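Top line first, the protein sequences correspond to chains F and X. Residue numbers for the first sequence follow UniProt numbering, so the first one is 1 and each next one is one higher. Residue numbers for the second sequence follow UniProt numbering, so the first one is 1 and each next one is one higher.
Treat the hints loosely; a few may be bogus.
A few chain F positions that, by computed beta-carbon distances, are all more than 10 Å from chain X [said to hold, decoys possible]:
#, residue
1, Arg-109
2, Ser-232
3, Glu-262
4, Ala-736
5, Arg-808
6, Asp-885
Just so you have them, the derived chain X footprint on chain F, three or more residues with Cβ under 8 Å [claimed, not checked]:
#, stretch
7, 291-302
8, 424-435
Hints in this document: simulated from the structure, not taken from any laboratory. A quick note: this is a predicted structure, and the numbers were derived from the prediction, not measured. Think of the CB as a built atom: it goes at the ideal place given N, C-alpha and C, for glycine as much as any other residue.
Protein chains: 2
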Amino acid sequence: MKMQTALLPSLLLLLLTAAEVPGGAATSASCGYNGCPAAVPRRVNLHIVPHTHDDVGWLRTVDQYYYYSVQFILDNVIRELSLDSKRKFTYVEMAFFYRWWREQSNSTRDQVRQLVANGQLHFAQGGWCMNDEATTHYADIVDQQTLGMRFLNDTFGDCARPRVGWQIDPFGHSKEFAALLAQMGLDAFYFARIHFLDEVQRVITRRMQFVWHASRDFGSPSADIFAGDFVSGYCYPPGTNYEGGDQPVQDDPQLHDFNVAEAVRKFIVQVDLLRLAHRTSHLLLTMGCDFAYENARKNFKIIDKLIAAVNANTSQHNLTAYYSSPDCYTKAVNDEGLAYAVKTGDFFPYASGPNSYWTGFYSSRPALKRLVRWASGHLQAVKQLAAVGPAVLGDASERLDRLRQAQGVAQHHDAVAGTEKQAVAFDYALRLSDGIASSDPLWQARLAQLQFGNLSQRDGLRACQLLNASYCPVSELATGRFFVTFYNPASRLSWHSARLPVTGRYYRVLDEAGAPVTSQTIPVNNGTLRVPERNLSIAVNELAFFVASIPPLGYAVYSVEPCNSTDPGASVFTPILPTTNAGRSASEISVGLAFYIGMRGNSSGEQFRPSGAYVFRPTTDRPQTLSARIQAQVIGPVVNETHFNYNDWAYLVTRQYPGASSNYLEAESTVGPLPLDDGVGREVVAVYSADGLSASSGEFLVDSNGRQLMRARRDPSRPEAAQFRPANAIVSVADAARQLTVLTDRAAAASSRPAEGQLSVMLHRVTLDDDGFGVGEALRERGSDGRGLVVKTSHWYFLAEPAAAADRYRLLASQRHRSPLVTFSLLQPRSAWCQWSALTAPLPDSVQILTLEPWRQSPDRLLLRLENIFQANESSAHSGPVTVDLGATFSAFAILDAVELNLSANQRLADQTRLKWRSMQTEAVDQQPRRGPLTKSLEMTLRPMEIRTFEIRVAYKGGTL
Amino acid sequence: MKMQTALLPSLLLLLLTAAEVPGGAATSASCGYNGCPAAVPRRVNLHIVPHTHDDVGWLRTVDQYYYYSVQFILDNVIRELSLDSKRKFTYVEMAFFYRWWREQSNSTRDQVRQLVANGQLHFAQGGWCMNDEATTHYADIVDQQTLGMRFLNDTFGDCARPRVGWQIDPFGHSKEFAALLAQMGLDAFYFARIHFLDEVQRVITRRMQFVWHASRDFGSPSADIFAGDFVSGYCYPPGTNYEGGDQPVQDDPQLHDFNVAEAVRKFIVQVDLLRLAHRTSHLLLTMGCDFAYENARKNFKIIDKLIAAVNANTSQHNLTAYYSSPDCYTKAVNDEGLAYAVKTGDFFPYASGPNSYWTGFYSSRPALKRLVRWASGHLQAVKQLAAVGPAVLGDASERLDRLRQAQGVAQHHDAVAGTEKQAVAFDYALRLSDGIASSDPLWQARLAQLQFGNLSQRDGLRACQLLNASYCPVSELATGRFFVTFYNPASRLSWHSARLPVTGRYYRVLDEAGAPVTSQTIPVNNGTLRVPERNLSIAVNELAFFVASIPPLGYAVYSVEPCNSTDPGASVFTPILPTTNAGRSASEISVGLAFYIGMRGNSSGEQFRPSGAYVFRPTTDRPQTLSARIQAQVIGPVVNETHFNYNDWAYLVTRQYPGASSNYLEAESTVGPLPLDDGVGREVVAVYSADGLSASSGEFLVDSNGRQLMRARRDPSRPEAAQFRPANAIVSVADAARQLTVLTDRAAAASSRPAEGQLSVMLHRVTLDDDGFGVGEALRERGSDGRGLVVKTSHWYFLAEPAAAADRYRLLASQRHRSPLVTFSLLQPRSAWCQWSALTAPLPDSVQILTLEPWRQSPDRLLLRLENIFQANESSAHSGPVTVDLGATFSAFAILDAVELNLSANQRLADQTRLKWRSMQTEAVDQQPRRGPLTKSLEMTLRPMEIRTFEIRVAYKGGTL
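Extracted from the complex, chain F is given alone in its bound form (with noise of 0.2 Å):
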């Protein structure tokens, strides 16, 4: 499996021509940057911003809305610009603006390719959906970027390339995304919704607008951001939407009613308070709001009234107004070249009042978020099996396509933050159920040649989706042999708590080599199935066994065979059984389930404010401890179990693997049904202690969006919603010796709390009121039996010496989110294919594979991404710059030339520019600035938490496939 890569590097000097790297088509003369109005010197100059912020789903479907609303604002919007070249619009979406172009004709098309061409219609930040920033991974964010931005980039080439981020509707914005946004060439970053005391502090202080040094792993100015947060939302300014019933400009003097004077006296009131809270003399003036602009018409005929008629007194208020864009107003802004405050923060949590703390919604709808975070991790997986080999499918491109978009629109603020009603919350689960099926055969093709040569037997290969509710029908009704493939989409070797639902009780495991591996079998335990899709199993075990080495970006194939009790090798079956042992598990580390309850109201006003899908408002500021009621022990050769049973809604399982190889406990939660109807909106957290960890500060540790930490400490003068940070995949505590960790497998409210040194991670949420932020529905999740939603959540958790932590909660949140692909089939492959991987070898353990994916429908190309998963300084193994030689990395292709792009794919880094913002602090500077072309081979190095992309060709190697 040696890869040959000797003759590669010569191939690296030949440039690949403009026309085919993204970025690479040359700049009209009038978009981007160059299609701005000229800013007109001594005078304030408003920026008219027309746009429209489309919710991807919330209180209908993505293609609700799209039917309903957004394509008569698109189709509406280009015909206005159509009409005056001086008029521009923003545009932001491009799952909806994806939907929209596939319908059009041609001449349509060349239509806005025009509008683009010239500056009229701009595209901010372009993803596929302007994504939830508490709650989402940071490989989906990527993902969900890159898939909207090459579409603008293969539409409508470098004029429609996004220059700032526009994260005007999410709840707080974390530090992690601002750093992705910089990386993705980014020159700037808007939003409109941080802390209410924050806001009013900043707007005293005229730091509405900073730089933002969004990673303390770069210095200064690779992860800098101009950003910006609107005073006072993001919607027209007060008695301009016309569209809503504002009274329009009426300027006809013959007619009655005539009121330009009034309506240009009433504007400036609110021009002057943007002047109050800014220090530019560019001012920008969103003229838009939530699914505007369906009577673009409307719209863009009264502004046209409104912006002449404030010029025609410019003189009068020193004031010229102008349509533009975020792009124009930012370079506008950056050519003025004030200096600005620099953040290092983040802006969670977001709080829009004092009894409302948008803390909530991290842990809204579990269910969905593990759903998504599942599907982000098959994503990479299905991906990397597509791209290993030639194609093995003629529509592999759309299949593939259809699941990244369905995660795409998963990351949407108001899908994966489980803040859309309960009929969009299926349909988001509908459509990641359908992206996978749609993906499924790609994996199965791959796998079915891999291991057979023949891509007829891939029907014979089976996922079993619901394995976490211990349901699988080839495991379950296989009467002989068969066999389970687990692939591995981590770059390292990896390993895997197999459990699987079995009708017997004595199987005999062998591995990929044919060596027997020890098993234990477990009876099927209804405190932790009590999924109603359980109902399809009849599985009377579950057959665990640990499958201790799989291959980076490979497979090893186990088989399972039922056996009797005396068959060597045979599993130890071990039942459940009570035990007296009260209350604790045997390790250091003591876990327990609590619940807040939540506060009940009403939406008429701010003292009355509910728990709600967005807002957590607890009763008390401490969670009401559960007693278990029964208790009982597993003990085996595989896994040792404590069961915890609590009442008949809340059931807990911690585990160790006390042969294997694996450094964490797990703690296995069933919650639910909660009560829907005793008037108790209870919201249920995982309590985690170590025996004497007292961490008095109160600070703690969280990550944003799953990579980079934060620290985090308590503030005993807010409410306790507001201890809450989102955890998408680590939270931890510590003291001076200890350093308590906890791994989650969805993104979820987390604290440092009830006691200095515990740690607090929600499970699940009913609350009985809508909190009267939109969405309209209390969150009283049922399942499909009609019963309060069951909520099965695992945690890893561990105890480590603080220096040791790093090197451990890395790998295994690594671990989490890329989890073996485990599939079932009762084909036997030949035995020298029951292992194989894309690598030469195992990446070191700090370089990911972050993205490999077929890349541009292009036969020969894909697109890769390497990252560094750890920070500086954190850990004294692992924490430094770390080079690869990509040309001796894969085995199942020869990289024949590689361009580096952009973060987001959509740009060469050699012609990225980002514009220089001056900042009054002294900054530690980037002493390596970001690279250009690879030029004499193929090595390259990875500085701590960097992220590199590349576009490569490659040669796969026919012998192999």
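Assemble chain X onto chain F, guided by the hints.
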């Protein structure tokens, strides 16, 4: 002043060129009925009619509606039509279209002309507004239709000529209006509001469509018109108001919620309901609503898809759908050739439910109703004065148009109907006031020219618009002699009972020949004059005298001079003296005031319906009678008065003019301010009784739009509100021997109630609740002093033998409408110029010049309408054909030629070809078909109720002017 007509007849044979005559332009091959889609044989043809109904004022003013909504409707509709030549749209209200057209560029205008020419943009009815049918005077209907249709004709030529009446929103339908539409050349008349029980009956018997024989004076087909009621209103069928949020057609199978089949199924259900109610194989489906199509894109795009989906399965449901118009629908139904039932009555009262008789609005806002009626006569006078000589002002046309347009807008079914919001009612009044002020210089200049031979004197001529509140600066402030001009817009010698506010007791009044006139002064009476504007006046007395004989279309100038009580001809001062003569006036007729109490309620259901702006729902079947507390009398040579002071909100004066030639009594009631805050909504009526008159049939007569009389009969099976009818001029009740008649000064609800033989006329209404039909306000009008509105009403009434009644009521009604224009001046005309007439002699009593006005902005063209104001068989003296020699009628000008037009003056009568309709009944055939061009002389004959319309070219008599 004799007219030289000898040379004229020979000129009459000259034809005007096609380009100069309305309707003479060649019809395009693809407009009018030519542009209609071909019927699909053996299928149900579904005519999809996109339309919008735009109230020219209701909740907002007409200009607000234009700015808020209508400009965008027209902008967007025009663009959508241009995108697809299959699309059609029907527009109605010219007040809006005119506003919009003024603002359009030449290229847009060309585009619109093209859309009209190719049959995509249709105009239905084409009036300035969609006028009310209950409370409007026929002169105003003719004017407002002419104004709109003239604009259409001038702008688009014959292509845009409306073919159908389109009264989809007004609250009941009058026979006279249908007759007028027929005389305007229209082929059909569509509406949507008829009594709910009538509608049910028509659905069951499939008589939703019928031939309306709309005049008892003409045989078929002169006043026949095909008419249809829309069974379920005029808005979108349920489920298809996409603009309003109904589910769109989702036709992309790749997106979720694909619903084409379901959308078609639901749509067909709606069509099937239509099918059941109609006998035709052509069905008209209104796809629009109030202010619909602001987002024309959304409407058309989805309806396109719906039509395509329906037609894709046409064999399944035997239905073919296509865009159509009311015109095209009419033509298709006519081509089908079915025979229809005949309707001869009207559709009053309208009821939408058992407690919702829309008879309240017949009297809602009586002050506005009076203003509109007064402006109607005033407009006729001003137009005449503008026409009787060459234009005196360069902008005469614009000045006249402002008044025409204000009066046109006021005819709207939420304007004069009194069902608009208070702020909008103020706007209508302001608009009329502006129109009157704008047109004042026209009559001022004409009178200055005629009286002084000097235009510059025109500022010295003043009208006193608050004469009815007894306020007139000229008569009050004049310290010496002043002159009063009485201009008579009627075509006969007229008279006037003048009453001028003065500060002294003794005056000498001289007529146009300098002969003394008997006069009388009466103290100003606060009981009759409690309107707030009264505060401006310093008058202490009113000077009353009778102007006996004002020449037709001419004037008489009287002089008034203060004098001593002993001077010859000095007026007689007649104090108001208490009398013990209780309760009744000396006449055979008694009149008193009474009031109904309106039901309180809300909009939560039919049973809770309150009395409101639309609905009259009294709590009892009889009004509560008021008792007069004080009675007083005035006895004098000019007028005898009896005063009844009922309470602090009701005062009644009855008057006789003993020495004059009048043959009526007057009842002047002053009602208000009605209490607004005691929880009782009062609806006040005047009740007339003639001793011994008893009409046991319960039958009475009431005019239709001031013209034809309708027989109405009390229906004991229906509530009190159902007994009322809209009276615009005449209400009358008779037994074999005597006929009691009341002539109103405005539109009002009237009935033969509370007892048989009595007449009740509603005077004023306060309702404390909104009746739930959209206006959202109770009728709690306040005057400028903030107190409840005071309404002063004048009724004329008389008792006569039935055979002699019509001779009096027809002439008196004409006199009420065309009361003299009274103007004041301090300047003395030359004595020869104190009297003038545009006519050579008064016309016969039965003939009236309905219209004489400048026409088509041409210096020598006038529009002339003559009418016979009598019906057949109502007067032995006047009910018959009458012949007038036009050539010998006018002294102010010679008629050079005359072309007879249809009633709305947008087509030559010779070119008119109306569709013929088959009826199920044998009808009297009109023996004398409508006439072609005058060929031999200017003699013309008018049959009873006939109106004939001419465009005349004139040569003004230079000598006189």
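To see whether the hints hold, each was checked on the structure:
1. Arg-109: holds (16 Å)
2. Ser-232: The claim stands: Ser-232 of chain F keeps its Cβ more than 10 Å from every Cβ of chain X (closest is about 24 Å).
3. Glu-262: holds (13 Å)
4. Ala-736: Per Cβ check, Ala-736 of chain F is outside 10 Å of chain X; nearest 55 Å; holds.
5. Arg-808: Label holds. Min Cβ-Cβ 42 Å, cutoff 10 Å.
6. Asp-885: holds (43 Å)
7. 291-302: holds (count 5)
8. 424-435: holds (count 3)
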